[in-house]
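Quick note, the sequences are listed as chains H and G, same order. When we follow this note's numbering, the leftmost residue of the first sequence carries the number 1, and every step to the right adds one. When we follow this note's numbering, the leftmost residue of the second sequence carries the number 1, and every step to the right adds one.
Mixed in with the good hints, there may be bad ones.
Partial pick of chain G residues on the chain H-facing surface, computed with a CB cut under 7 Å [to be verified]:
| # | residue |
| --- | --- |
| 1 | Tyr19 |
| 2 | Ala60 |
| 3 | Ile62 |
| 4 | Ala75 |
| 5 | Tyr82 |
| 6 | Leu93 |
| 7 | Met103 |
| 8 | Ala136 |
| 9 | Ala171 |
| 10 | Gly175 |
| 11 | Gly179 |
Heads up, simulated SDA-like pairs for lysine to any residue below, C-alpha to C-alpha not over 20 Å straight-line [claimed, not checked]:
| # | chain 1 | residue 1 | chain 2 | residue 2 |
| --- | --- | --- | --- | --- |
| 12 | H | Lys220 | G | Gly222 |
| 13 | H | Lys88 | G | Ala138 |
| 14 | H | Lys88 | G | Tyr19 |
| 15 | H | Lys220 | G | Met115 |
| 16 | H | Lys220 | G | Arg96 |
| 17 | H | Lys220 | G | Leu133 |
| 18 | H | Lys88 | H | Ala106 |
| 19 | H | Lys88 | G | Gln20 |
| 20 | G | Lys72 | G | Leu58 |
| 21 | H | Lys220 | H | Tyr156 |
| 22 | G | Lys72 | G | Glu120 |
| 23 | H | Lys220 | G | Gln137 |
| 24 | H | Lys220 | G | Lys72 |
| 25 | H | Lys220 | G | Glu22 |
| 26 | H | Lys220 | G | Ala26 |
| 27 | H | Lys220 | H | Leu266 |
| 28 | G | Lys72 | G | Val124 |
| 29 | G | Lys72 | H | Thr151 |
| 30 | G | Lys72 | G | Tyr19 |
| 31 | H | Lys220 | G | Val124 |
| 32 | H | Lys220 | H | Thr151 |
| 33 | H | Lys88 | H | Gly103 |
| 34 | H | Lys220 | G | Leu58 |
| 35 | H | Lys220 | G | Gly27 |
| 36 | H | Lys220 | G | Ala142 |
| 37 | H | Lys220 | G | Met92 |
| 38 | G | Lys72 | G | Leu133 |
| 39 | G | Lys72 | G | Gly110 |
| 40 | H | Lys88 | G | Arg96 |
Hints in this document: simulated from the structure, not taken from any laboratory. Using N, Cα and C, we set each Cβ at its ideal position, and we do this for glycine too.
Chain by chain, the residues:
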Amino acid sequence: MILDSLVAPFANNAFMLNALLAGILVSIACGIVGTFVVLRGLAFIGDALAHGVLPGVALAMLLGLPGMLGAAAGALGMIFGIGFITRKSNLSADTAIGLLFVGMLALGVAIVSRSHAFSGDLVRILFGEILGIRGSELAMQLAATLAIAATAAVCYRPFLLLCFSPEQAEVSGFPPRRYHAIMLVMIALTVVVSFRTVGTLLVFGMLLAPAASASLFSRKITTMVLSASGIGALSVYLGLLASYHGNIAAGAAITLAASIIFFLLLTARQLLPAPAPHRHGSHGAAA
Amino acid sequence: MSGGGRPAAVAARDLCVGYQGETVVAGIGLRLEPGQVLALVGSNGSGKTTLLKTVAGLLAPISGSLEVLGGKPLASPGRVAYLGQFHPSSFMLPLRARDVVRMARFAAHGLFGRMTREDERAVVEAMTVMGVLDLAQAPLNALSGGQRQRVFLAQAFAREADLILLDEPAANLDGAARGIYRRFLRELTAAGRSVIVATHDIEEAAECDWTMLLAHRVVAYGPSAEILRQDALLATFGMVGRYQEGRIVIVEREHGHEGCDGDHHD
């Protein structure tokens, strides 16, 4: 009976199964990219990219073009904009990102407000439409997730060095600027292919919350990527169930589940006894 | 100085180093042969780190010529190791001590080259030398400051580079670890490798072949025994201290005048 309510919604409804598959693909992409976002402290830039795609999507909708195309254009504009401001002014990256972030958001809302179904469109862009995912979109998402996984596998060494110290990456023959740019494109790609599923506002939650949860207990980066993906997928499943049974907006339920898991793990870690600090036989612990 | 044969580990002529076009130290001339150690001595902000980063290829020279292992800086990443002063983000990384040391070997393999048994041997050897092999599986963020510094030194050594650049490597080490580190430096140079080390520690500099005293200019450069004299140290630090009954006593202080220009050996 209980099992039925856990499985039946997906077994009996194609739209629920599609939503679950799309959500799992988003979780894998976000697990990989989110790990590096968390480790390198790129949360703000991730947030900005997630919102920066809004005017692109809005414009594409207004012109009757595919939303993803507009999202990609918006994200690219954002990456170049941040680079341009930080190079040409003495402002910190934070300020550059913040400026573009609100500017792009405002531009997006301004464009959407010209359309007839203003609030409906805006809500769809911001919060996604996971229950309306089509097969073709699933295929696109699968391709993007594979591309992200392959890039992360190829760039594993420079990414690891970049997390450790950009200087070490440079002296090891991996130009940090190049690999930083690749990382930004990966974040952008994740946002672009995920916005239909969880929306531009909530994709940021999926980028951050599962990776942050995984960082609480992971001792290796590969463990962190795998557990972040797993926690993301679990959040999607729990969120969809809550949405189905409780009649809650699906995108919000998923992101909420991911955030709750983070706080539960954090609390659990506080309550469990901390492992003893490392002692060292041969020379005694240094000060 | 010697010419021909093997190229110098580092050769600089009229080198000017700095950040974003702003000069920190100008007129640097130096030549470091294989198997020699050069100490860069000076107070904070004197230009030690700037020069070290320029040799490492992290900063472009403002002017003058600089050759590292017979080529441009950064031309052969596998042959140069660099240990900087700060690793601010390394505290929260999910890495074990061993993973940190293994990173040293990436330079030799690029994106796709496979790690071999030879790499594992270099990692184990460097960790053994620095006395951190029993911490290999420990997460980096569970280590003390001194243990972490030894892991970072093991990383620098595991590259088995021909030129090793170290920025205040002994700052966090206790006495025993400092002894191990200095002994190992001597072994490295005996094997023909060259080292440049930035340090505050006059005693450490005295053990090096060459010393360059820096104070926004080259105060003096030459064999350590000739350079580490009171007048040159006075010009570098603005004061000279002596260790007396467990305390450092300032024995001389710079008064308004331009200090001593010391020797310039190019």
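Subject >> Pair hint outcome, Lys72/G versus Gly110/G [Cα-Cα no greater than 20 Å] >> reply: Holds, because 19 Å separates the two Cα atoms, which is no more than 20 Å.
Subject >> Hinted pair Lys220/H and Leu58/G, Cα distance within 20 Å >> reply: With a Cα-Cα distance of about 28 Å, the restraint between Lys220/H and Leu58/G is violated, given a limit of 20 Å.
Original post:
Given the hint that Lys220/H pairs with Thr151/H, does the C-alpha gap stay at or below 20 Å?
Top reply: The given pair, whose Cα atoms are some 19 Å apart, holds under the 20 Å limit.
Subject >> Pair hint Lys220/H and Ala26/G, alpha-carbon separation not exceeding 20 Å >> reply: Violated, at roughly 44 Å.
Original post:
When you check the alpha-carbon spacing of Lys220/H and Glu22/G, does it fall within 20 Å?
Top reply: Distance ~41 Å between Lys220/H and Glu22/G Cα, so the pair is violated.
Original post:
Do the alpha carbons of Lys72/G and Val124/G lie within 20 Å of each other, as the hint requires?
Top reply: violated (31 Å)
**OP:** Below or equal to 20 Å on CA atoms is what counts here, so check Lys220/H against Gln137/G.
**Re:** holds (10 Å)
Original post:
Holds or violated: is there a CB of chain H closer than 7 Å to the CB of Ala171/G?
Top reply: violated (12 Å)
**OP:** Mind checking the alpha carbons of Lys72/G and Leu58/G for me, to see if they're no more than 20 Å apart?
**Re:** holds (12 Å)
Original post:
Would the pair Lys220/H and Tyr156/H pass a check requiring their Cα atoms to be no farther apart than 20 Å?
Top reply: holds (13 Å)
Subject >> Cut-off 7 Å, beta-carbon criterion: hint that Ala60/G touches chain H >> reply: Where the cut-off is 7 Å and the nearest Cβ of chain H is about 12 Å from Ala60/G, the hint is violated.
**OP:** Starting from Lys220/H, check that the Cα of Met92/G is at most 20 Å away, please.
**Re:** Judged against 20 Å, a Cα distance of about 11 Å means the pair holds.
The structure is inconsistent with the numbered hints 1, 2, 3, 4, 8, 9, 10, 11, 12, 13, 18, 22, 24, 25, 26, 28, 29, 34, 35, 38 and 40, although it conforms to all the rest.
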